[in-house]
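Number of protein chains: 2
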Amino acid sequence: MALIVQKYGGTSVKDAERVMNVANRIVNAYKDGNDVVVAVSAQGDTTDELIEKAKEINPAASKREMDMLLSTGEQISIALLAMAIEKLGCPVISLTGWQAGMQTDRRHSNARIKRINTERLHDELDQHKIVIVAGFQGINSKDDITTLGRGGSDTSAVALAAALGADVCEIYTDVDGVYTADPRIVKNAFKLDDISYDEMLELASLGANVLHNRSVEMAKKYNVKLAVKSSLNNNEGTYVKEVEQVEKMLVRGVTRDNDVARIALCGVEDTPGKAFQVFSMLSKKNISVDLIIQSIGSEGIKDISFTVTEGDLDETLALIEENKDMIKAKDVKWTKDVSKVSVVGAGMVNNAGVATAVFEALYNAHINISMIATSEIKISVLVDRKDAERAVEAIHDKFFG
Amino acid sequence: MALIVQKYGGTSVKDAERVMNVANRIVNAYKDGNDVVVAVSAQGDTTDELIEKAKEINPAASKREMDMLLSTGEQISIALLAMAIEKLGCPVISLTGWQAGMQTDRRHSNARIKRINTERLHDELDQHKIVIVAGFQGINSKDDITTLGRGGSDTSAVALAAALGADVCEIYTDVDGVYTADPRIVKNAFKLDDISYDEMLELASLGANVLHNRSVEMAKKYNVKLAVKSSLNNNEGTYVKEVEQVEKMLVRGVTRDNDVARIALCGVEDTPGKAFQVFSMLSKKNISVDLIIQSIGSEGIKDISFTVTEGDLDETLALIEENKDMIKAKDVKWTKDVSKVSVVGAGMVNNAGVATAVFEALYNAHINISMIATSEIKISVLVDRKDAERAVEAIHDKFFG
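In order, the protein sequence lines correspond to chains V and H.
So the first sequence is numbered by my numbering: it starts at 13 and just counts up by one.
So the second sequence is numbered by my numbering: it starts at 13 and just counts up by one.
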């Protein structure tokens, strides 16, 4: 007998039929003799519909009231899922975030879980009930409802697994695991049996869209074994855990991220600390800068290029305009027509050949690279958006073809 | 400066426009220098939509999970209303039932309020915030969400007013007060300036559809002054309070109730305790019997007729069938084609002429009376449903014409 935490996303419970499907999966795990705790998201488009309702009344509503509103989405899901399990004849109880003891800090709309008071959870498990917990939400020290922001339900599930000492945390989604590349782009992409936390972190933050990086970080911190599976079939998924590195595991996946915009500050004075001034100006506004290139200065001037997410582009340009007297750029250029293509693999840190192979693959495909960044376990290149899918294919082919 | 509790029903907040309208009314009361606490229902059809979602999955869902589901309706309303008030620039906070300290017993779907822990409410009022509370819901001693059943939001409002010692509890609805009869039936019906709790109780339970009797009972018990007003205009409403009786106030209103069915047990043995046996059988199943007539027995047999609500008819007939060996009726007849028409007025207890006037009015209108019941402050008659509106008109005309 094991303690299993499962997480189902919004598409997995989008209508009555899908809710019954999920209920059956949960009941199967329970009937196999396991304790089962489930974190669930809001149904399909519920969250978007609630946001629409709010915007109609007050587009500048406080985050506290937005959390009050949005948390109803998951509350609806847990009640319906519990009803479906009741129908299947198993003992079950639904718990909101606050009932499940999900205590967070006070940051509305983007709260962090501080601790889980597991008393109620253990109580219900001791009564052999299946426990359905509202994902994405918690309660702060003022007894106000908070939400966890993007990827919140994944984070709820991992936090529950960590707090309860679960044997595994199964994340159910609409793909059946982590692939070497997006199967919609690369025909011969294949599913990985397992992947390390660090590799998954890079893949998650690079647009693999399977797991949110906050949840992977937490899983790594508390050593929670994750399984990424499909809620629509019974295929073996991908396990995310501490994987022992073996020599042959060089590259684990190739990803593309379109949520990127490039900004170039041209003809900036080449004085010490200029880049520092620019980037601290951005970080003060919580704008994350990703790739950075600084040209070698000549004749007292240089160019600084960097990327931000598309969502941060307007604010970044406004900040640059506000601070133009400090920055003193001759010209500011920007474009959204770029994509970041990345190769991830824990094994590549010791193998210079990986970068060479990436460049060779792109050269052979006649794809131009405008920026490059490397870390211990990844190499990212910025290419024109029109070339991005071809770039993923070419690199995937090079390593896995 | 006063402390005002207001209550808005589902139609008053059914869409963004109505929510803004209600927000404006609340802000006006606040800007007049009052402390304002508001209880609000779920928007328009939200509750019905949620019930539909549940039925699709499990028509026999537990009441505990139904409460979990349905309570989201009011939570959505309070968040949206708070956002609307934020837009108008006033300090505001929304509170769910549990956040507002609304503690109930454990009866899911029909819980009773046991006490209100007013600490948080006072905290927010001390910070000069408008406080928006989710009606219809509370929390039990297990920290589970409960709902209060029919008329629950009215009850929430009155309970808040009682617990906070409010100066008045204003119930906003789609009519602008309590009328002497339904204005849709009786053209010259007129609005009452005030009415006593007891009179309102009779009117509420007799189908006046303005206030639920649970809320009036609670208002009477805690001496909460109620005002029934329209959320769509600024007309003076009707006050419900301890009214000093003056001689001339005989009749306060005439009501019709179609939610009634008549059952006749014909040819029952005329033995002592027979009626007791029949009615205790019904009360054990929580079936309320209203009007009762027992014929004077002759030749050892008698007839027993009584009314129940339409909703209880099928269960009542089934019970009679199950217990036919005990009841030993020669025949069981029933009909839904009846209505109860009632005349209410605290003054009539001392005036036998009221009953005479009622009978005279119906006689002149050629309307047959099949059953009669009287209490200290009301006279009810059962008539054919097709005659009910004419009966209300005739009686209203007799007293107010």
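Hints are supplied without guarantee of correctness; some may be wrong.
Since the list gives no way to pick one copy over another, a pair counts as held whenever it fits inside one copy or between any two copies.
As the list claims (entries may be wrong) - Think about it this way: if two alpha-carbon atoms lie no more than 25 angstroms apart in a straight line, the pair counts; the simulated SDA-like pairs of lysine to any residue are: (1) K43 with P71; (2) K75 with T58; (3) K26 with M78; (4) K99 with M78; (5) K75 with H140; (6) K253 with G163; (7) K126 with D271; (8) K67 with R37; (9) K99 with D155; (10) K314 with N221; (11) K75 with R132; (12) K253 with M32; (13) K67 with N33; (14) K237 with T59; (15) K67 with G56; (16) K141 with A364; (17) K65 with T23; (18) K199 with E229; (19) K141 with D117; (20) K314 with V255; (21) K67 with T23; (22) K233 with F288; (23) K154 with Q289; (24) K26 with L62; (25) K65 with K141.
It should be emphasised that the hints constitute simulated quantities derived from the structure, not laboratory data.
Evaluated hints:
For the identical chains of this complex, K43 and P71 are inter-copy neighbours only, at 24 angstroms across copies versus 47 angstroms inside a copy, given an alpha-carbon limit of 25 angstroms. Taking CA atoms no more than 25 angstroms apart as the test, K75 paired with T58 passes in both settings, with 18 angstroms inside one copy and 23 angstroms between copies. Taking the shortest alpha-carbon separations for K26 and M78, both the intra-copy value of 22 angstroms and the inter-copy value of 19 angstroms come in at or below 25 angstroms. Taking CA atoms no more than 25 angstroms apart as the test, K99 paired with M78 passes between copies only; the shortest distance there is 13 angstroms, against 33 angstroms inside one copy.
In this homomeric assembly, K75 and H140 come within 25 angstroms of each other (Cα to Cα) only across copies, at 20 angstroms, whereas the closest approach inside a single copy is 37 angstroms. Taking the shortest alpha-carbon separations for K253 and G163, only the intra-copy value of 19 angstroms comes in at or below 25 angstroms, while the best inter-copy value is 53 angstroms. In this assembly of identical chains, the alpha carbons of K126 and D271 never lie at most 25 angstroms apart, being 30 angstroms within a copy and 53 angstroms across copies at closest. Proximity of K67 to R37 under the C-alpha cut-off of 25 angstroms is restricted to the inter-copy arrangement: shortest distance 21 angstroms between copies versus 37 angstroms within a copy.
Taking the closest pair of Cα atoms, K99 and D155 come within 25 angstroms of each other only across two copies (24 angstroms); inside a single copy the shortest separation is 33 angstroms, beyond that limit. In this assembly of identical chains, K314 and N221 lie within 25 angstroms of each other by CA distance neither inside one copy nor across copies; the values are 36 angstroms within and 78 angstroms between. For a Cα distance limit of 25 angstroms, the shortest separation of K75 from R132 across copies, 20 angstroms, qualifies, whereas the shortest one inside one copy, 28 angstroms, does not. When the C-alpha separation of K253 and M32 is checked against a cutoff of 25 angstroms, the pair qualifies neither within a copy, at 30 angstroms, nor between copies, at 51 angstroms.
In the homo-oligomer, the alpha carbons of K67 and N33 lie at most 25 angstroms apart only across protomers (16 angstroms), although the nearest pairing inside one protomer, at 33 angstroms, exceeds that limit. In this assembly of identical chains, K237 and T59 lie within 25 angstroms of each other by CA distance neither inside one copy nor across copies; the values are 29 angstroms within and 40 angstroms between. In this assembly of identical chains, K67 and G56 lie within 25 angstroms of each other by CA distance both inside one copy and across copies; the values are 19 angstroms within and 19 angstroms between. With identical chains, the CA atoms of K141 and A364 are never at most 25 angstroms apart, being 53 angstroms at best within one copy and 63 angstroms at best between copies.
Taking the closest pair of Cα atoms, K65 and T23 come within 25 angstroms of each other both inside a single copy (21 angstroms) and across two copies (16 angstroms). In the homo-oligomer, the alpha carbons of K199 and E229 never lie at most 25 angstroms apart, since the shortest distance is 30 angstroms inside one protomer and 71 angstroms across protomers. Taking the shortest Cα distances, K141 and D117 sit within 25 angstroms of each other only across copies (23 angstroms), while inside one copy they are farther apart (29 angstroms). Proximity of K314 and V255 under a CA criterion of 25 angstroms is satisfied in neither setting, with 43 angstroms inside one chain copy and 87 angstroms between copies.
In this assembly of identical chains, K67 and T23 lie within 25 angstroms of each other by CA distance both inside one copy and across copies; the values are 23 angstroms within and 20 angstroms between. Taking the closest pair of Cα atoms, K233 and F288 never come within 25 angstroms of each other, the shortest separation being 31 angstroms inside a single copy and 70 angstroms across copies. For the identical chains of this complex, K154 and Q289 are neighbours neither inside a copy (38 angstroms) nor across copies (55 angstroms), given an alpha-carbon limit of 25 angstroms. In this assembly of identical chains, the alpha carbons of K26 and L62 lie at most 25 angstroms apart whether taken from the same copy (15 angstroms) or from different copies (14 angstroms).
In this assembly of identical chains, K65 and K141 lie within 25 angstroms of each other by CA distance solely across copies; the values are 23 angstroms between and 36 angstroms within a copy.
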